[in-house]
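So the protein lines, in turn, are chains A, B and C.
Just so we're aligned, residue 0 is where the first sequence starts under numbering that gives the first Met the number 0, counting upward by one.
Just so we're aligned, residue 0 is where the second sequence starts under numbering that gives the first Met the number 0, counting upward by one.
Just so we're aligned, residue 0 is where the third sequence starts under numbering that gives the first Met the number 0, counting upward by one.
Don't read these hints as lab results, they were simulated from the structure.
Just so you know, not all the hints are guaranteed correct.
Keeping only pairs whose Cα atoms sit at most 30 Å apart, straight-line, the calculated DSS-like set for lysine-lysine is [claimed, not checked]:
hint : chain 1 : residue 1 : chain 2 : residue 2
1    : B       : K134      : B       : K121
2    : C       : K45       : A       : K127
3    : B       : K83       : B       : K116
4    : B       : K74       : B       : K118
5    : C       : K45       : A       : K60
6    : C       : K224      : A       : K127
7    : B       : K134      : B       : K118
8    : B       : K116      : B       : K134
9    : B       : K134      : B       : K176
Owing to the predicted nature of the structure, the values given are computational and were not obtained by experimental measurement.
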Amino acid sequence: MSKLSKAAPWAGLLPFMIYLVVFLLAPTITVVVGAFQEDGRFSLVNVNELFSSTLLTVLWKSVLLSGVSAIVGAVLGAFLSYLIVTRPATSVVRRVVTAAAGVLAQFGGLSLAFAFIATLGFSGIVTKAVSSSLGLDIYGNGWIYALPGLTLVYTYFQIPLMVIVFLPALDGVRPQWREAAVSLGASTWQYWRQVAAPLLTPAFLGALLLLFANAFAAYATAAILVSQGQPITPLFIRAALNSEVMLGRQNLAFALAFEMVIVVSIVMAAYALLLRRASRWLR
Amino acid sequence: MTTAPEASSTGVGVSLVDLRRTYGTLNALDGLSLEMAPGEMVVLLGPSGCGKTTALRILAGLDRADAGEVRVGDKEMTHVPANKRDMGMVFQAYSLFPHMTVRDNVAFGLRLRGQDKGKRLKRADDMLELVGLAKFANRFAHQLSGGQQQRVALARALAIEPAVLLLDEPLSALDAKVRVQLRDEIRRVQLDVGTTTLFVTHDQEEALAVADRVGVMNAGRLDQIAPPTELYARPATRFVAEFVGLSNRLAADVSGGGATLLGTRVPLLDGSVESGAGHALVRPEALAVAADGETNARVVSVAFLGPISRVQCRLDDDQIVIAQVASAVAAHLVQDQPVRVDVSADAVLVVPD
Amino acid sequence: MIRESGRFRVVRYVAYVVFGLFFLLPLYSMLDFSTRDVATGARTGKAWAALVQDEVLRASIVTSILLAVLTTVLMLALLVPTMIWVRLRVPQASRLIEFLCLLPLTIPPLVIVVGISNVYAWVSYLFGNSAYTLTFVYVVLVLPYSYRAIDSALSSINVVTLAEAARSLGAGWSTVILRVILPNITSGVTNATFVTVALVLGEYTFTSLLNFPQTMPYVIAAIGKSDAPVSVAAALGSLIFATLLLLLFSLLGRRNRSAKEA
């Protein structure tokens, strides 16, 4: 086969490749390059500023928000998955939960933000109900519009995502393992501790990492709930782009975006490794 | 491979008394009673849905009977939870823990019993030696073939020195050749260790090859339980006669304690029709085909199977029979050749039309 | 079957109730909040009426729906032929394509926005300033989910064998793709479409940071500061719309399946 005809089939992929290069790779490269530039020249000024105490605090808050919502979402989501995995696939509860998880996980950040404004905002339904029946003001200083509120809101999204990602792993735990363990003398606790938990740990950790990356990269919900200030990295990027507080700090935005890419890439790489282990055991 | 074991010190007797189990409208077990002698290998044989796996799982404690008793040794086990029954179980497939090495899998039951590490790993290695997989101790389940995995599962079940060994269709998921090798292996190990064993299968050749006694189950009941040779030669019911081995159905006339078929008079097996017309169930090897003398049939086809051949003949009264003959004899037969088919059975079961 | 203890069954049902409340409460709140007058607390359909009456909002809804349609079409046109082509002619490239399609999961949309202004300068030069140019970047956002949906549909049929059979009967490539393979991956296509529509209707990052004020999410967010009930009504409306779409697709899928089996 001549070289040309060998290469020809690959030409069929060109439209797709070119599209990705233009709309995905070019922006990413712009960000990476731009992080190391200032005033059109190579400079480490912006990257250095990433290590300033302000920006490190902001990064830390992002990590905290993502981590807490991921852990809470993972634990609760795993528990909910466990509750329905023992039901047969046709049971009503299982189908309802799976469908609901599918829909809620598509719940865009925008709708999510307004859902919680309607619930716990200043004139939110729950706020009013609690204040009129128990006389408590749960709105306070508007905690929902700051980090604690964001954590709660993110969890609403993380739990369905966890169900979607973790349920297949739980399904992969074969009943023969439990029966074999039991016939060999294991109590329920021993089975969980020595067989099920070690088997599910890679899948659980992988799902946890996915939830973390998901929360870390999220923008819309935070952008709507938090209108003043920039407590977390994505909002700092918004500020840098819109030049509210800073003038012409475009390159700082690049640096911050670069930081985000690094964090998410590391997390997703670890996720991919854990996924491979989990799928080998839980096929 | 079916010699009865000597009285064994490790085996205990097992009694299943009148077990009943229904799932909704499905009657899985309809009064099953079974006694197993210490050290004996009993095979429960039957088609899918006959209740054999249900019986095994009730004995294991993984399922609970609606009525009836389970006794092991002299202990009443009916309500004892599965993890306290001291039984070793081998499943059809997928039962090895994928995150543990082979050695750790085998040692698992001992670890649960609190044995210290050195002892239990040594015992695990001994068991792996017994099944011929000592070199695979550090591998993982996904690195082993199906047959190897089942041998590890066997080693794991025996490591805890169970009172009873339970095998739930352990060979059904394996290739044909591996199946034959492994069933001999299982029998060898079982005789060696002397554990009372209940083996469930739908493959009648497997059952006949390894069992001390075979129990044929049909719709939740035990049709017959007997040593393999007796089961084959003297089936108690039509179901047993047709499920185990091949059977020809030949028109026969019964009177005075015997059946007349193909011009020959043959004694009756218990359970036969007492008098009148019926069909006799005759094994292919009980039919002889000769090319000389008075003929009563024509050859339809000859299937060469190596040492023996199966000759299909159409009798003069239009019945079709299959006779099993030595290939040397069949070699001379051609299609449409007139032949004489004779029956030479010790006894036959005659069923109503 | 190992039976579970009665005690655990209580835990199970309590858990269902707690989870049910947690997830239904915000939805109920949205319904209640959007049908109440903020000042008087009385029931009113004002907020929902604004969805059709408010001109800016109504226009933005139309714009977003059109945007969703455009994105779906472009995504399918780009992705389906490519994926089929890979399976038929360049199977060695499948890992590469998979990696590329899942890449947007690792590159946050926010990052893409930050770096895309050069590219969009060109886009607006070539295609003008309308919000519909967002189609290009939305296709990238939707790629991982669409890829997965179409890939699992393609995996469930034997693409190579079907194509070879069709070719041996004389079909050209476009016939193979359009009339042999596509009808057999409808479930993948509908899943991908659903994900795309849901994503476009809720996408806020790009609209706001690239400054396209004509889209529904942008308008909802802008109104939210002054007239929260309307925003909540719109948000709930788009959620209901997405759910109905999902139901519609799964019903179609079921009818398709039974037609195939018949």
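Hints and how they fare:
no., hint, result
1, B:K134 - B:K121, "holds, 14 Å"
2, C:K45 - A:K127, "holds, 21 Å"
3, B:K83 - B:K116, "holds, 22 Å"
4, B:K74 - B:K118, "holds, 29 Å"
5, C:K45 - A:K60, "violated, 39 Å"
6, C:K224 - A:K127, "holds, 19 Å"
7, B:K134 - B:K118, "holds, 19 Å"
8, B:K116 - B:K134, "holds, 19 Å"
9, B:K134 - B:K176, "holds, 22 Å"
Comparing the model with each earlier hint shows a violation of hint 5 alone; every other hint is respected.
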